[in-house]
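Enquirer: Take a look at the letters that make up each chain.
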Amino acid sequence: MKNKELLMQGNEACVEGALVAGMRFFAGYPITPSTEIAELSSEKLPLVGGKFIQMEDEIASMAATIGASLTGLKSMTATSGPGFSLKQENIGYAAIAEVPCVIVDVQRGGPSTGLPTSPSQGDIMQSKWGTHGDHPIIVVAPASVRETFDLTIKAFNFSETYRTPVIILLDEVIGHMREKIELPDISKIDIVNRKKPLVNKEDYLPFKADEDLVPPMADYGEGYRFHVTGLVHDETGFPSNNPDVSDKLIRRLDAKIEKNKDKIVEWEEKNTNDAEIIILSIGCVSRASNAAMKIMRNKGIKVGTFRPITVWPFPEKRLEELSQKVKAIIVAEMNLGQMALEVERISKCMTRIEKVNKVNGEIITPDEIIAKIKEVL
Amino acid sequence: MSNKEEVTEKLVINKEWCKGCGICVSFCPKNVLTLKDGKVDIADIEKCIECGQCELRCPDYAIYLRGKKNEK
Amino acid sequence: MPSAIVNEYFRTKKLPQIWCPGCGHGIITRAITVALDKSNLNRDKICIVSGIGCSSRATGYLDFDTLHTTHGRAIAFATGIKLAKPELTVIVITGDGDCTAIGGNHLIHACRRNIDITAIVFNNNIYGMTGGQYSPTTPKYDKGTTAPYGNIDKSFDIPGLAAAAGATYVARATAYHANLLISLIQKGINNKGFSLIEAISDCPTYYGRKNKKGDAVDMLEWQKKYAINVTAASKMPPESLKGKFIIGEFKNTTEPEYTDEYQKIIDNIGKE
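Residue numbers (my numbering), protein chains in the order written: chain B, 1 to 377; chain R, 1 to 72; chain L, 1 to 272.
No lab work stands behind these hints, which were simulated from the structure alone. It is possible that some hints are incorrect.
[To be verified] Computed list of lysine-lysine pairs in DSS-like fashion (alpha-carbon distance at most 30 Å, straight line):
id, chain 1, residue 1, chain 2, residue 2
1, L, 210, L, 187
2, L, 251, L, 38
3, R, 36, L, 271
4, L, 212, R, 39
5, L, 242, L, 212
6, R, 10, L, 14
7, L, 264, B, 44
8, B, 358, B, 374
9, B, 302, B, 355
10, L, 210, R, 15
11, B, 325, B, 355
12, B, 348, B, 325
13, B, 263, B, 248
14, B, 128, B, 259
15, L, 154, B, 44
16, L, 14, B, 195
17, L, 225, L, 38
18, B, 208, L, 224
19, R, 47, L, 225
20, R, 4, L, 14
21, R, 36, L, 224
22, B, 208, L, 14
23, R, 47, L, 224
24, B, 201, B, 299
25, B, 201, L, 14
26, L, 212, R, 30
[Said to hold, decoys possible] Listed next, with one range per pair, are the computed distances between beta-carbon atoms:
id, chain 1, residue 1, chain 2, residue 2, range
27, R, 41, L, 263, 52 to 58 Å
28, L, 7, B, 240, 20 to 26 Å
29, L, 266, R, 6, 56 to 62 Å
30, L, 263, B, 235, 34 to 40 Å
31, B, 248, L, 244, 50 to 56 Å
32, B, 235, L, 42, 23 to 29 Å
33, L, 230, B, 243, 47 to 53 Å
34, L, 105, B, 362, 35 to 41 Å
35, L, 238, B, 117, 51 to 57 Å
36, R, 37, L, 244, 34 to 40 Å
37, L, 265, R, 38, 40 to 46 Å
38, L, 255, R, 35, 46 to 52 Å
39, B, 360, L, 42, 57 to 63 Å
Using N, Cα and C, we set each Cβ at its ideal position, and we do this for glycine too.
The task is simple: from the sequences and hints, build the whole structure.
Expert: Shown next, in the form of structure tokens:
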């Protein structure tokens, strides 16, 4: 039987994916261009016994999301630009306290109020380094409505698997674009739930990691009576000033993502086998990159595309391989070159890096990328 | 902790937890308590009426009534 | 062996606590456990949430599900917990700076929603953890390390603020009036809605020293001398209340509670 075809926008697909993943709590605050995610969550969550709350501000939304997750509910919040900045402190809290949660950032032009209704990709570095201190983070960047659905489910799964905040980095184009999509057979989708403690309640050490570097997580209200803090803490969960405890914790938090990179990192590449030039981009820009590639291929020019699906961790290994093969990598992004920094670092001068940047609130067009390709040739 | 615990028939004092703030001494209605070497000490246990004012206001949980199940 | 109450409700291995000698926070923290003890609740269905500051260290000592959050955000985290799992009794421990400066917005909105959380504000009139800066409750013209010439800000009346914002149970007591405090906290926990109990603490180390208020005993004596019970105060002429402050129960009303209202939405959807 053919699955139902639906016309929906990226923001809607995000909510549909979240519900399939098991989202049962959403706290948010109205902000363009992410508001539809809150609106749809407010409508759909009570239908499945879930909870929605519009908090008094972005900071509170992030806080409530973490609080709800500690009771065992899969929780999400969504925001854009200024709201993403406001959430950063509590995103760091979720990272150090290892509370699973999903944060959607529908990127708009910045800094500050910037361009509220225009697309941007200016939060690439912020999504990794927005909160202070070394911390792990997983960031996924969908490029279509269907992929927004799929990656939202993945974001929840990563979050539950690694007990870490996961950011879905949408842009205004993907968030608001409507596409006809066919949803997959929901019964066949892999849904991950957090690992629960198997020990006696008295023996539970809430931050003692298993071999996979992730500690099992009890819910509040189950009788484990454990302490959670944003201070550096030991396996018992209580704060410590011991330098060894701090070192061990911060390194473990980093390692639980770093060592599982192969299971997390995802990318898409097209025509890279014989490519002399690769266009690297994420989100809405990757659609222009693919169009530019098609046009150039028709003219016999060997162009390929590379699209990180996980922006953090970045698909480093594969990009390094490709850097050794190609004449140039053109990094096209709607900012002044944030991802290009990462590409330059990874390619270690083995290839030429060129940039196409745009910060006027308009989408990068295939023609603009083609112009750069012609420069490189 | 237990080696610094002073148990009388009416009161228990844990000198290890006592920070010597003097609150219990001052608000004891019968002047049962005193400070000695910066810690609470018993001056005259005979006067103690087991009112529990010391336990109620000790910020360090270093003094409490013996025997009675507190506050229950 | 510590006292029965301390032994039962504290993580005794974490004691003695970090607060300065004579700090009222220890008295107030114990009062909370006594109030909980008297409330006969399911021990495993109690969650205590705090923010950042001297007061907020209390959660680490209490043997419940405890959450030490970010500065000012305890009530917002607690809101998520309560809405997600309404069967939990949610207590917030916060301070004057945590609750009414950086967290002021969360306070008024939790009051407005009347969500069933009991917040106990440990008011020591100063930022203690950072070394004595003036807070929203430092009395006007008193000194702090950031108000060396005297504080020109007007101070907040926390119960007045909470009552005006819609909290359904509002009260105040002091560390000195610990028995009153226990009964007010117990009533707050019992109230189905947002309850705020201001607990006047004492900070002899920073506020006291900076403002020549004497030691902890002097500060508790001051609480004893200048506090007037709300019932007595209502019968006194305004001029005789000058320089005094009022303790007791200020507001005790019944209004629809937030998580109940939300549950109604869930229940009614199926019926339509």
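Enquirer: Compare the structure with each hint and give your call.
Expert: Do the hints match the structure? See the list:
1. L:210 with L:187: Given that 30 Å is the threshold and the Cα spacing comes to 35 Å, the pair is violated.
2. L:251 with L:38: holds (21 Å)
3. R:36 with L:271: Violated, at about 72 Å.
4. L:212 with R:39: At roughly 24 Å apart (the allowed maximum being 30 Å), residue 39 (chain R) and residue 212 (chain L) satisfy the hint.
5. L:242 with L:212: holds (21 Å)
6. R:10 with L:14: holds (26 Å)
7. L:264 with B:44: Answer holds: residue 264 (chain L) to residue 44 (chain B) is near 15 Å, not above 30 Å.
8. B:358 with B:374: OK: residue 358 (chain B) and residue 374 (chain B) at ~18 Å, within 30 Å.
9. B:302 with B:355: Holds: residue 302 (chain B) and residue 355 (chain B) sit about 18 Å apart, inside 30 Å.
10. L:210 with R:15: holds (29 Å)
11. B:325 with B:355: holds (19 Å)
12. B:348 with B:325: holds (13 Å)
13. B:263 with B:248: Holds - the C-alpha atoms of residue 248 (chain B) and residue 263 (chain B) are around 23 Å apart, at most 30 Å.
14. B:128 with B:259: The given pair, whose Cα atoms are some 17 Å apart, holds under the 30 Å limit.
15. L:154 with B:44: violated (45 Å)
16. L:14 with B:195: holds (28 Å)
17. L:225 with L:38: holds (28 Å)
18. B:208 with L:224: Distance ~47 Å between residue 208 (chain B) and residue 224 (chain L) Cα, so the pair is violated.
19. R:47 with L:225: This hinted pair holds, its Cα atoms lying about 26 Å apart.
20. R:4 with L:14: holds (17 Å)
21. R:36 with L:224: Roughly 26 Å between the alpha carbons, so the hint for residue 36 (chain R) and residue 224 (chain L) holds.
22. B:208 with L:14: Status holds; Cα separation ~19 Å.
23. R:47 with L:224: Since the Cα atoms of residue 47 (chain R) and residue 224 (chain L) sit roughly 24 Å apart, the hinted pair holds (cutoff 30 Å).
24. B:201 with B:299: violated (68 Å)
25. B:201 with L:14: Status holds; Cα separation ~19 Å.
26. L:212 with R:30: holds (29 Å)
27. R:41 with L:263: 52 to 58 Å: holds (56 Å)
28. L:7 with B:240: 20 to 26 Å: holds (24 Å)
29. L:266 with R:6: 56 to 62 Å: holds (57 Å)
30. L:263 with B:235: 34 to 40 Å: Check passed, 37 Å falls within 34 to 40 Å.
31. B:248 with L:244: 50 to 56 Å: holds (53 Å)
32. B:235 with L:42: 23 to 29 Å: Because 27 Å falls inside the window, the suggested range holds.
33. L:230 with B:243: 47 to 53 Å: Holds - the Cβ-Cβ distance for residue 230 (chain L) and residue 243 (chain B), about 51 Å, lies within 47 to 53 Å.
34. L:105 with B:362: 35 to 41 Å: holds (36 Å)
35. L:238 with B:117: 51 to 57 Å: holds (55 Å)
36. R:37 with L:244: 34 to 40 Å: This hint holds: roughly 38 Å between Cβ atoms.
37. L:265 with R:38: 40 to 46 Å: violated (59 Å)
38. L:255 with R:35: 46 to 52 Å: holds (49 Å)
39. B:360 with L:42: 57 to 63 Å: holds (59 Å)
In this structure, the earlier hints numbered 1, 3, 15, 18, 24, 37 are contradicted, and the remaining ones agree with it.
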